Structure formats: C-alpha cells, structure tokens
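Chemist: Sequence:
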Amino acid sequence: MTASTTQISRARAEQVNRVNGAAYKLEEEIADLRQRLETVKAMYRAEQSRADALSLELDALRASPPPYALGRGSGGGVGGVSYNARPTITPAVAARRTGISRATISRYLTEGWWQGVQFQNGEWLIFSDQTLARKRK
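Just so you know, we're using the working numbering here: the sequence shown kicks off at 1049 and counts up by one.
Read the hints as simulated data drawn from the structure, not as lab findings. Keep in mind that this is a model prediction, so the values were computed, not measured. By construction, the Cβ of each residue, glycine as well, lies at the ideal position given by its N, Cα and C atoms. Be careful, since some hints might not be right.
[As the list claims (entries may be wrong)] Simulated restraints on C-beta separations: (1) PHE1167 to LYS1089: 49 to 59 Å; (2) ARG1184 to ALA1151: 17 to 27 Å; (3) SER1057 to ASP1080: 15 to 25 Å; (4) GLU1171 to ALA1094: 50 to 60 Å; (5) ARG1066 to THR1087: 24 to 34 Å.
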C-alpha cells in the first residue's frame, strides 16, 4: 500500500504546522522569561541600593559611640564626657596629666594596661576613674 502524493504533502504540512506551533509557543515562553528576568534584575538593583545605603549607615554608626553610651554632664572627664556612665578623657589629656607620651599611652591602651574604648575611626577615650600610672616592669 503506497501513500499518495497528496497524503504525503498533507502529512508534511501537518508536521510543519506542529513544529512551527511548538516554535511559536517556545518564542512566547522565552519572551515571558526575558520579561520576568528584567523584573528580577530591577528588584535586585533596588535591594542592592538599599543594602548599600544600610551599609553606609552602619559604617557611620560604628565610627561613633552609640548615643545611649555617650552622655554629657555626668562624667568627670574633659567637658563632662562619659561612656557607659564612666568618666572619660582623651589620650592628649591623659598625656598632660601623667607626663607619659601619647605613644606610650596608646601602647598601654592596646595592651590592656589602661582601660578605654576605641572607636572604628581609631580614636580612643580613656576611662578616667582608674589609676593612670606608669607600667612597672
């Protein structure tokens, strides 16, 4: 039994239509996926901008003492500055009061011989309610 030329042509036409229909559906799906990808990219950029802003805000907060910890008027240090309710002085004031160089004072602070707080910007506040004496060998 042989198929006629018309039947073969019709079968090929149906096959071509099926392939073309599938290709059209794939093109629609690709277009939809590209649109969704652009939406996700826009959301990512917005979240990245928000994260960058929060990171800058966090860096600014880390660079200075927290507002609840640094008060005025309650401490016995220079200008009445206190940190966590402890009176503080700066390394320069400690150097004048004790006659110890600022380099030695920095070493005392980093070694833990004197108590103080160092902020992210590198500045120190020294607790003045402790004995600020030379380290004995």
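Chemist: Could you check the structure against the hints above and give me the numbers of any it violates, in ascending order?
Modeler: 1, 3, 4
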